[in-house]
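Enquirer: If you read the sequences in order, they're chains A and B.
Per my numbering, residue 42 is the first one in the first sequence, and the count goes up by one each step.
Per my numbering, residue -4 is the first one in the second sequence, and the count goes up by one each step.
I should point out that these hints are in silico values taken from the structure, not numbers from a laboratory.
Backbone N, C-alpha and C fix where the C-beta goes; we use that ideal spot for every residue, glycine too.
Please note that a few of the clues may not be correct.
[Said to hold, decoys possible] Away from chain B, derived, C-beta distances all over 10 Å, residues of chain A:
{"id": "1", "residue": "E82"}
{"id": "2", "residue": "L117"}
{"id": "3", "residue": "Q197"}
{"id": "4", "residue": "L237"}
{"id": "5", "residue": "M282"}
{"id": "6", "residue": "F294"}
{"id": "7", "residue": "G295"}
{"id": "8", "residue": "I296"}
{"id": "9", "residue": "L312"}
{"id": "10", "residue": "F320"}
[As the list claims (entries may be wrong)] Here are a few chain B residues that face chain A, going by a calculated C-beta distance under 10 Å:
{"id": "11", "residue": "A12"}
{"id": "12", "residue": "F16"}
{"id": "13", "residue": "V17"}
{"id": "14", "residue": "I50"}
{"id": "15", "residue": "G51"}
{"id": "16", "residue": "L52"}
{"id": "17", "residue": "A56"}
{"id": "18", "residue": "K57"}
{"id": "19", "residue": "F82"}
{"id": "20", "residue": "G83"}
{"id": "21", "residue": "G89"}
{"id": "22", "residue": "E107"}
{"id": "23", "residue": "T109"}
{"id": "24", "residue": "A153"}
{"id": "25", "residue": "A155"}
{"id": "26", "residue": "F162"}
[What the hints assert, rightly or not] Ranges of calculated distance between the beta carbons of each label pair, as one might list FRET restraints:
{"id": "27", "chain 1": "B", "residue 1": "G190", "chain 2": "A", "residue 2": "L391", "range": "39 to 47 Å"}
{"id": "28", "chain 1": "A", "residue 1": "T48", "chain 2": "B", "residue 2": "Y13", "range": "55 to 63 Å"}
{"id": "29", "chain 1": "B", "residue 1": "D134", "chain 2": "A", "residue 2": "S407", "range": "41 to 49 Å"}
{"id": "30", "chain 1": "B", "residue 1": "E63", "chain 2": "A", "residue 2": "G182", "range": "50 to 58 Å"}
{"id": "31", "chain 1": "B", "residue 1": "R227", "chain 2": "A", "residue 2": "E122", "range": "17 to 25 Å"}
{"id": "32", "chain 1": "B", "residue 1": "Q54", "chain 2": "A", "residue 2": "R162", "range": "23 to 31 Å"}
{"id": "33", "chain 1": "A", "residue 1": "N385", "chain 2": "B", "residue 2": "Q54", "range": "21 to 29 Å"}
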Amino acid sequence: MSHPEPTPARLTARRKADAVVVEIAGDWLDRARLPDVSAVEKELAGGGVKALEFEAKDLGRWDSALLVRILAISDLCARGEITLRTTTLPGGLAKLITLSQAVPETTDAARKEAAPSFLQRVGESGLETWTGGAAMLSFLGESVLSVLKLARGQAQFRWRDMFEVMQACGPQALGIVGLINFLIGLILAFVGATELARFGASIFTADLVAVATVREMGCIMTGIILCGRTGAAFAAQLGTMKVNQEIEAFQTFGISPFEFLVLPRMMALILMMPLLCIFADLIAISGGFMVSTLMLDIAPQIYLTRTVESISLAGFLLGIFKGSYFGVIIALTGCLRGMQCGSNAASVGLATTSAVVTGITWIIASDGIFAVICSALNI
Amino acid sequence: MNAERASKIEIRDLTMAYGSFVVMRDINAQIKRGEIFIIMGGSGCGKSTLLRHMIGLKQPAKGDIFYEGTPFWQMEDEARQEKLRSFGVLFQGGALWSSMTLAENIGLVLGEYTDFSTAEIRDIARLKLALVGLKGFEDYYPAEISGGMCKRAGLARALALDPDVLFFDEPSAGLDPISSRNLDQLILQLRDSLGATFVVVTHELASIFTIADNSVFLDPNTRTMRASGNPREMLKHSADPAVQQFLTRGEAAAHPVAPPS
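Chain A on its own, in the form it takes in the complex (with noise of 0.2 Å):
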């Protein structure tokens, strides 16, 4: 069937006693000059009409273009009870017809836009908040349950799994949680001096620096800067399990994924973020010390004298507290919205976006009532 020279289509439908002979003709090729089915519904409009029959002899080359035309033609028949006949169809095209026709559409499997009120959104938003509240405190009621276990030495925990971690989160992180922490310490010393001068007081920026990287720049930012990296890790470690059904495998094993996979993860992080967060604070030292020594003409010797001073045992402790703190939260978030992952590609992305917003959430809204509660106390 060779059309060197390819006949526009045409689609035509003419009255015949009682029925609707519909020609249809040319090669269906030329998508942007296809003629619509407006011609066999004006002929059904004229009413009395009891079957409709095609005339196909001068069809050349076709493809999905007709084919659709023809369902949309038959649809039409069914709506007006007319009886539709396909015999005088080239065979391949009236098989795709009865092929397309052989199972009726599932209606009820239709999705339906549905538009839920006002209220209901409000109560379903309501219940989901309640829930995932309800969620986050019973897992973190089987933390401190599983840590009690760990100390009676009954829990099912692999101390390599925590050593894996804890060098996946210290050790391998103390590039970024140093650079990031210099630069803080720059830009406190940056704008503490250009203030402070103001006043010539520009010695105190040793004082500015040290109180608040030890107090709370130095475990904020690793904090941060954790939840960013290792808490994301572990969202979407935990949530890929959960899609390959290693979680549901641990549990047919009778092994507790909370003490097997979130337990190690936990304690890595509580023993590695005080650590880091020593680190940071003398890295964001020795940035202020930088900026003070370079560029603000303050001797070393008298800069590193104001810092000594600055500090307060508590401050520093409270620094070091805080980020253990955060070190449970991190692990908590990341852990918490792996486990409750879907069981899609989609959901892992969601689950880890989820383990970082919760987390960073978290951390900062904690550092505030600390600081509320430390400022009471007069520490």
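Fit chain B to the given chain A structure using the hints.
Expert: Same frame as chain A, but now just chain B:
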């Protein structure tokens, strides 16, 4: 009580639901010790969900599963964990722990629940892998071997604790016909040598007729079980058109089987 003693596993009046959506209701079946029990039915009818109920991953909406007469879902958590240790489960994709080698996958379970030394655990892992034809792959990670091998390694892991009951979720899915047949032979050999009870979710007819002793047919349209018993008997005697269609790949419609007199 006697009936309970005789059957290893009994599913009684089980209704499965996701929230308010009922997947299947009123499932009843009895599985004897050493039997290969098939859960069959069309795609998406809740076969795997039934399996998840049996291995403690999903709580029934109603009814319970009795293991040697004890209701599984009414047990204390501790007792249920204990019970789970006598099960072996092969998940659809193998579900091997991807951060561990094959030997570690098997060794982890042994290390958790037995007093074997590290060297003994390694020997047992080698043995289990050898049983499924994966000798020499001990130090491979699941990502480094093929899907069929993952499935066999998953079977080796399921065998780690010498289980009483083995659960298989679509063992032949994604396997070529030869591997699938070999897996069926392996299941039969394991049954004969271990005397374990097998629960297999599958819709592979060849598999069903080769290995089944007993079965339950789930029908998604009526949302309940349509038939139970030996599938070969079902094929011969069942008058239910849905069962006939399933067991003959839809060819029964052309040659209806006369109901048994």
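Enquirer: For each hint, tell me whether it holds in the structure or not.
Expert: Outcome of the hint check:
no.	hint	verdict
1	E82	38 Å, holds
2	L117	32 Å, holds
3	Q197	6 Å, violated
4	L237	51 Å, holds
5	M282	7 Å, violated
6	F294	5 Å, violated
7	G295	4 Å, violated
8	I296	6 Å, violated
9	L312	20 Å, holds
10	F320	27 Å, holds
11	A12	18 Å, violated
12	F16	13 Å, violated
13	V17	15 Å, violated
14	I50	5 Å, holds
15	G51	7 Å, holds
16	L52	6 Å, holds
17	A56	19 Å, violated
18	K57	22 Å, violated
19	F82	6 Å, holds
20	G83	8 Å, holds
21	G89	9 Å, holds
22	E107	6 Å, holds
23	T109	12 Å, violated
24	A153	9 Å, holds
25	A155	8 Å, holds
26	F162	8 Å, holds
27	B:G190 with A:L391: 39 to 47 Å	46 Å, holds
28	A:T48 with B:Y13: 55 to 63 Å	57 Å, holds
29	B:D134 with A:S407: 41 to 49 Å	44 Å, holds
30	B:E63 with A:G182: 50 to 58 Å	33 Å, violated
31	B:R227 with A:E122: 17 to 25 Å	48 Å, violated
32	B:Q54 with A:R162: 23 to 31 Å	29 Å, holds
33	A:N385 with B:Q54: 21 to 29 Å	23 Å, holds
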